[in-house]
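If you read the sequence shown in our numbering, its first letter stands for residue -11, the second for the next number, and so on.
Hints are supplied without guarantee of correctness; some may be wrong.
[Stated by the list, open to error] The calculated DSSO-like cross-link candidates involving lysine-lysine, where the alpha carbons are at most 27 Å apart (straight line), are: (1) 135 / 323; (2) 237 / 145; (3) 2 / 323; (4) 72 / 237; (5) 349 / 323; (6) 16 / 349; (7) 16 / 323; (8) 145 / 2; (9) 45 / 64; (10) 135 / 145; (11) 49 / 64; (12) 349 / 64.
Everything labelled a hint here was simulated from the structure, so no lab data went into it.
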Amino acid sequence: MISAQLLVPPHILKLRPYEPGLSPEQVKERYGIARAIKLASNENPLGASPLAIENAKRALKDMFLYPDGGLALRRKLAERYNLKPENVIAGAGSEGIMANIVRAFLGDEDEVLTTEAAFSGFQVLARSRGVAYRTVSYLDWRYDLAKMADAITDRTKLIYLANPNNPTGTFFTRQEFEEFHRRVPERVLIILDEAYFEFAMSEPSYPDSMQYRFDNVITLRTFSKIYGLAGARVGYGFAHQDLISVLLKIKLPFEPSGIGEAAALGALDDREFMEQSIANNVRGLAFMTRAFEALGFTVVPSAANFIMVVLDTEELAQQLFETLLRRGVIVRPLKASGLANCLRVSIGTQDENEMCIQALKHAGAELEVNRYATTN
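Given only the sequences and the hints, what does the whole structure look like? Please build it.
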């Protein structure tokens, strides 16, 4: 058999596959416990939009048919945002569209620019292309856009910005973005990943990219978070029609799936579910932030549906992760993203949030870390 080293480019061999983590059922079985909760993947703890579920059920009868490639969804999104369908693309999650952007616009001599410890999905996609991958450091866990503008070179082709950012939860302001964009050459394409847009849109200084419509910006959003359709894999993007036309040339012809598209169409009509999800997140985010801080943890201020907890060392972060796991609380270690001393904790229902904090109290005592220990 021919060795993979002979067949696979070195930059591909260096990649690590995505590790989804344990499911609640696996944790219950492993530790012999009655209940486990997953606060690791930033999913909607209220489930999926009821209207989305009903639409998806009705679409099951047409499962034997090929879908329309997202055309109905593109038309509805265009109407919603006062655009033309030619300005909209739909795909298998925002990552699916992101993959097509990397394929379509990056040449061998180009380079990618982003922040350190960027969203792990983008890291994998960009590095898989084999081009130069450059980063700038965070400033107080936020994008340092001024430093990033300074780092642009003649080879820079693609800049990736996530706002709010995953995994830190922070966001850059309207003023910061406008100042940054003025310094970006027109030849440089900006991916503005707004997967958590709905959680931040009420922030007065948050820069909703739909208010700008810059020709060199591609906005990406998703149905996975606020609408609870992570399993359906439906994302969408907005951009100048010339950019969208290029992406349509290379996207898989039948994505998103017909059932996923039907669910997304229903979700767009479910304003009540969106408002319930936002309200649950506002309450949960405040509760979890206060509770973690009361126990002595450092929590990065978040505008998303998760918090990032900063520990003193990688060892302590891993110990805390494993101790919570034994008590049925699954959170996300961030070593693979480049933040080995940090954990990301999704916001759950109030019951799940309280279970997490109770487990955290026990964990602090078990680890005998005086800074985190508390009485029950």
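Hints, verified against the model:
Restraint check: the Cα-Cα separation between residue 135 and residue 323 comes to about 24 Å, which is no more than 27 Å; the hinted pair holds. Distance restraint check for residue 237 and residue 145: the Cα-Cα separation of roughly 20 Å lies within the 27 Å cut-off, and the hinted pair is therefore satisfied. Taken as a hint, the residue 2 and residue 323 pair is honoured in the structure, with Cα atoms around 16 Å apart against an allowance of 27 Å. At roughly 18 Å between alpha-carbon atoms, residue 72 and residue 237 fall within 27 Å of each other, so this suggested pair holds.
The suggested pairing of residue 349 with residue 323 holds, with an alpha-carbon distance near 23 Å, which does not exceed 27 Å. With a C-alpha separation of about 20 Å, the suggested pair residue 16 and residue 349 falls inside the 27 Å cut-off, and the hint holds. Between residue 16 and residue 323 the CA atoms are separated by roughly 24 Å; this keeps the pair inside 27 Å, and the hint holds. For a cut-off of 27 Å, the pair hint linking residue 145 to residue 2 stands: about 23 Å separates their Cα positions.
With a C-alpha separation of about 20 Å, the suggested pair residue 45 and residue 64 falls inside the 27 Å cut-off, and the hint holds. Distance hint between residue 135 and residue 145 is fulfilled; the C-alpha atoms sit about 17 Å from each other, no more than 27 Å. Restraint check for residue 49 and residue 64: the C-alpha separation of about 22 Å stays at or below 27 Å, so the hint holds. Between residue 349 and residue 64, the direct Cα distance comes to roughly 47 Å. Violation of the 27 Å bound is thereby established for this hinted pair.
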